[in-house]
Structure formats: structure tokens, C-alpha cells
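Protein chains: 2
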Amino acid sequence: MSDTKITDLELISENKMFGGLQRVYSHVSTVCNGSMRFAIYLPPAALEGKKVPVLTYLSGLTCTEDNVTVKAGAQRIASELGMIFVAPDTSPRGQNIECEDDSYDFGSAAGFYLDATEEPWAKSYNMYSYITQELQDVISANFDSADMGRQGITGHSMGGHGALTVHLKNPDLFKSCSAFAPICAPMSCPWGEKAFTGYLGSDRDAWKNYDATELVKSASSKATLLIDQGSSDNFLKEQLKPELLDTVCKQFGQSLNLRIQEGYDHSYFFMATFMEDHLRHHFEALKS
Amino acid sequence: MSDTKITDLELISENKMFGGLQRVYSHVSTVCNGSMRFAIYLPPAALEGKKVPVLTYLSGLTCTEDNVTVKAGAQRIASELGMIFVAPDTSPRGQNIECEDDSYDFGSAAGFYLDATEEPWAKSYNMYSYITQELQDVISANFDSADMGRQGITGHSMGGHGALTVHLKNPDLFKSCSAFAPICAPMSCPWGEKAFTGYLGSDRDAWKNYDATELVKSASSKATLLIDQGSSDNFLKEQLKPELLDTVCKQFGQSLNLRIQEGYDHSYFFMATFMEDHLRHHFEALKS
Numbered sequence: 027m028s029d030t031k032i033t034d035l036e037l038i039s040e041n042k043m044f045g046g047l048q049r050v051y052s053h054v055s056t057v058c059n060g061s062m063r064f065a066i067y068l069p070p071a072a073l074e075g076k077k078v079p080v081l082t083y084l085s086g087l088t089c090t091e092d093n094v095t096v097k098a099g100a101q102r103i104a105s106e107l108g109m110i111f112v113a114p115d116t117s118p119r120g121q122n123i124e125c126e127d128d129s130y131d132f133g134s135a136a137g138f139y140l141d142a143t144e145e146p147w148a149k150s151y152n153m154y155s156y157i158t159q160e161l162q163d164v165i166s167a168n169f170d171s172a173d174m175g176r177q178g179i180t181g182h183s184m185g186g187h188g189a190l191t192v193h194l195k196n197p198d199l200f201k202s203c204s205a206f207a208p209i210c211a212p213m214s215c216p217w218g219e220k221a222f223t224g225y226l227g228s229d230r231d232a233w234k235n236y237d238a239t240e241l242v243k244s245a246s247s248k249a250t251l252l253i254d255q256g257s258s259d260n261f262l263k264e265q266l267k268p269e270l271l272d273t274v275c276k277q278f279g280q281s282l283n284l285r286i287q288e289g290y291d292h293s294y295f296f297m298a299t300f301m302e303d304h305l306r307h308h309f310e311a312l313k314s
Numbered sequence: 027m028s029d030t031k032i033t034d035l036e037l038i039s040e041n042k043m044f045g046g047l048q049r050v051y052s053h054v055s056t057v058c059n060g061s062m063r064f065a066i067y068l069p070p071a072a073l074e075g076k077k078v079p080v081l082t083y084l085s086g087l088t089c090t091e092d093n094v095t096v097k098a099g100a101q102r103i104a105s106e107l108g109m110i111f112v113a114p115d116t117s118p119r120g121q122n123i124e125c126e127d128d129s130y131d132f133g134s135a136a137g138f139y140l141d142a143t144e145e146p147w148a149k150s151y152n153m154y155s156y157i158t159q160e161l162q163d164v165i166s167a168n169f170d171s172a173d174m175g176r177q178g179i180t181g182h183s184m185g186g187h188g189a190l191t192v193h194l195k196n197p198d199l200f201k202s203c204s205a206f207a208p209i210c211a212p213m214s215c216p217w218g219e220k221a222f223t224g225y226l227g228s229d230r231d232a233w234k235n236y237d238a239t240e241l242v243k244s245a246s247s248k249a250t251l252l253i254d255q256g257s258s259d260n261f262l263k264e265q266l267k268p269e270l271l272d273t274v275c276k277q278f279g280q281s282l283n284l285r286i287q288e289g290y291d292h293s294y295f296f297m298a299t300f301m302e303d304h305l306r307h308h309f310e311a312l313k314s
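As given, the protein sequences belong to chains A and B, one line each in that order.
Going from the first sequence to my numbering is simple: count from 1 and add 26.
Going from the second sequence to my numbering is simple: count from 1 and add 26.
Don't read these hints as lab results, they were simulated from the structure.
Some hints here could point you the wrong way.
One copy or two, it doesn't matter: identical chains are merged, so the pair holds either way.
Straight line, CA to CA, 30 Å or less: simulated DSS-like cross-link-like pairs of lysine-lysine [what the hints assert, rightly or not]: (1) 97 to 234; (2) 97 to 77; (3) 149 to 248; (4) 243 to 201; (5) 149 to 42; (6) 42 to 263; (7) 220 to 195; (8) 276 to 76.
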């Protein structure tokens, strides 16, 4: 394939889909101290050598790169619009850390898109640097068609938290942002408190660096954040708390389009329903 | 819900999707001698009490009702067009038959949409009667919005074989038919020979009753069969053999639209790509 330089990338699978190619790769990650996987959809325009925008999707708890790839229907719209759709895994894997596989909400598949400072997590649980630096280098070096100057970021639940925080901290790298049922204020919910304590320690000041509701207060994002949230989501009240983000966005002038979707839950059925809106949101924001 | 009479149906799950409801039910099946599951998508039009056409999707080897429900993206189009989308399981389950779970291509998840005559399969492996009679009764009795006079049938691989044979034997019940990468001539491929020998015995004359390429010779279908087949499908040459069906369709005047899709494989990525075409094919055929 003329569009890829498969040097240190290992191709795990390739399937034609909507005229483009859905691939899964593994590669050696320095920041995550081992092998990492990501899925990438190359639309027909990319295969024809055109420069196209890149949308990175961050998955939620318990997921790998596979869930969104098979369940969300994003490729149809990415094909039509001409966007590369990248879905990384949710944490380092196989670190032989005691208890790393014991909880669904901490350790494996629960990297929370931060750089851990606490041992034994600090040497591998660095998903923030992975998403903002290493994976950037990998995509840039291997996919000529990826327009790294036109990137957006989205995600679901824990990955929605990731998308919001990564964007707010890097508004010039990921110029557009959206989220499905994101954890909006991890410092104020059980999932976030558990993860931040484990990865970052007990100093709550250090947590602010990875909390969207805190970051909005000092962010320089000019983007409109698009958030879809189902009203029947079981995690809405205890874990997700979009109302806290909404309040600070209003207070600090951050543009936010928070849409409460009546009767929808936390599942991929919900996400698939609104995926098209999100891809179009990013595509419009990344035009020119 | 005013549209459902949940009498002997047990609701396993319900998720809102594209304005409609994706549900999974279990129920006691007489012909399959135990509990059976099916998925059903009710589009907004059905929830509003309108009579809408019904498309039944038959899955392939190793699948349950779940695979197509989460992977194929059919609900988006079913929502837009206003069609009920029904996905039954692929075999009886838990029959305590020795070896029933030993092979991926025989026994559990490999019912082949026939009525078995050989023991110990005959008392439960009756997917043909399940699809054409019992599930019909269940849908009709429980979903007022299902227009049982406007039904189509489709499927993938083993389920494509099921769709073709069920339609050819019942062109007035399932008025439209399509298939994704179907087993077109099971009497002439290893999957079919193994299954038919096991379920129907060694008399090959009895097999003709469940072989699309044989059935076309005496069928009274006035429908155009739509078949999509990927050119890079690993099973194409040894198992699927659309060329055999194509030949008899031409010989016996059966209308067939066989589309060889360049570079596509046997996966749900392939199927998702062409699902919209198939739903539109059925919707058009079932108009009026």
C-alpha cells in the first residue's frame, strides 16, 4: 500500500469496509512499556493519496480497540466524508503488575488517559503521553494521508473524559472535540476518585490536571464541545455529571453543546445512533 | 408498551437505538424443544402503531442473535424506512446431545435452517419449522405493528443458505429475499455435506429439499434474489459457490442479482457495507 510505511508496525488484521480499509496494528510502545494495539480506518480518499483529517476515538472502561470498530458504525461516515478514524486501546496490557486485571475500573482497560505518577503504574500507565505524543508519531510516520494538522478527538465514558481533557490541554493539536456520555468531573465521582488515587496519589491538586471540569477554568479552547448524553444512562447521576461541566463552561465562556438524549442508555446502541452527528461535527470544524 | 403483548415472551434486554427499540426476547419453543432467543428492532413507526414490513435475518455459523444486532448497522436503515428487523438464534441450545458443542459447523450454532430427521437431532433441530411457523406465530401474536403479509428474509453464509431456501419454499410467506455470501449449493460443499449427512441422513435425495441450487429448479418465486459476495472471501471457492446457483437461475428463469464485491471478505465489515442496499431491496419489494 503506497499510503503506509509499515516499519515497526505489525498488521494484525485488514478488512475492506465501505470502500476503505479497516486495519488493526500492534507496535512496540516506549511510553506504555510494551506492545500496544490500535485500529485505524482508512477511507477511500486516504487510499487514493489525499490528505484527510484524523479523528481519534478513545474507548471506555473494559474496552479494547475492537469495540468501537465493530459496533459503532463510524466507518460508513468516515468513508463518505473522507476521514481517518483511529481507535487506540484503553491501557497498557500484560505489565505483570499485581491486581492489574482485578477491577473493571482500574488497571487493564482502565488507563484513564493520564500519565501515572504512582508506582507500580508510572512506568507503563502513560496513556496521556501515548495519545498526545507516541501515537501521533506512529500515525504521522506511517500514514502519509493523515493530515496531522487537522485532528479531532472524541470518546465514550472514560474515553469521553479522555477526549475532553486531551483537547482542553492541547486545543491546537486536537482542534475539535466531542464526547459520548463522558465522565465530566472525575474528581467528583467514584470511578475518577478510585483511578486518580491509584494512578496519581492522594494529592487532589494533582488530579485537576486530568479533570475536564477543572481544566475548563483555564483552557484556551475555541472549539464547541459536542456532548451527547442519554437520559436513561445508569451511570449518569453517580459517575458522569455533565451538569458540573455545563456550569463551569457557562461560567468561563467555554462553548458547549450538551444534548440530553431522551431514553438512551450508556451502550454502543446509543453511541451508534449519534456517531454520524459527531463525525460531521468534527469534519465541519476541521475544514480548510 | 402498547405495541407488544408480552405473554410467554421474556424480555432479556432493551436499548433505544435510532429512535426505536432494540430488544432481545427468550421464549419456550416447542419445535426446538427448549428456550430460544431472538432479537427484534422496532422502528419508530412501529412504536407509533403503524403496520410495517418485517425483515428476518438468519445468521451464520458460530453466531447467535447478538452478532448482527451489534455489528451490522441494520437498525439505522430499518429506523429510516420503518421496518421491523428480526434476528433469531442459529440453532436450539442446551439439548444435552453428546457432541452438540464440539464442532463450529454442526450442532449448536449450526442448525442450517432445516428440520432434522436423524436422531438425536430430530426432536429439537427444527430451525426450518421454527422460522417458517413458530417464530411467525410469536411475532404475529406479540407485535401488532408487524405486517405479516409483507415479509422478507435475508441472511449471511449459513444464514444466506437459510434465507434462499426458506424463500424458495415459501415465496408467498417471505415475498422478498437477499443474502450475503450465502452457501449456495450445500449438497456440493463440505459444510453442507457434513450438516446434511448428520441431520438428514445419507440419502442425498432428501437433501434437495434444503439446497437452493436444487430448489430453484422447481420454485415459483417471482422475486429477484439479491446476493452480495466478496471476491476475497476465504470460503468462496470451497463452500459458497454462487456460480452454481447463478447457472441454474439462468437455466430456470429465476431472477438473480449476483454482485461480486471486489476485495471484500466474509466478515461483518463486508456485510455492514452492503446492509443498506439489502434493506432498501426488501423495502421496495414489499411496498404496497
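- Given identical chains, is residue 97 near residue 234, meaning Cα to Cα at most 30 Å, within a copy, between copies, both, or neither? neither (33 Å within a copy, 38 Å between copies)
- Message: One pair to classify: residue 243 and residue 201, alpha carbons no more than 30 Å apart. Within, between, both, or neither?
- Response: within (18 Å within a copy, 61 Å between copies)
- Query: When no copy is specified for residue 42 and residue 263, does a C-alpha distance of 30 Å or less occur within a copy, between copies, both, or neither?
  - Reply: between (40 Å within a copy, 19 Å between copies)
- Homo-oligomer pair classification [residue 77, residue 97; C-alpha up to 30 Å]: Classified as both; 26 Å inside a copy, 29 Å across copies.
- Within a copy, between copies, both or neither: where do residue 276 and residue 76 come within 30 Å Cα-Cα? neither (39 Å within a copy, 43 Å between copies)
- Alpha-carbon proximity context of residue 149 and residue 248, limit 30 Å: The answer is neither: 34 Å in one copy and 66 Å across copies each exceed 30 Å.
- When no copy is named, should residue 149 and residue 42 be tagged within, between, both, or neither for a Cα gap of at most 30 Å? neither (37 Å within a copy, 41 Å between copies)
- Query: Which holds for residue 220 with residue 195 at a C-alpha limit of 30 Å: within a copy, between copies, both or neither?
  - Reply: Classified as within; 22 Å inside a copy, 59 Å across copies.
The structure does not agree with the numbered hints 1, 3, 5, 8 stated previously, though it agrees with the rest.
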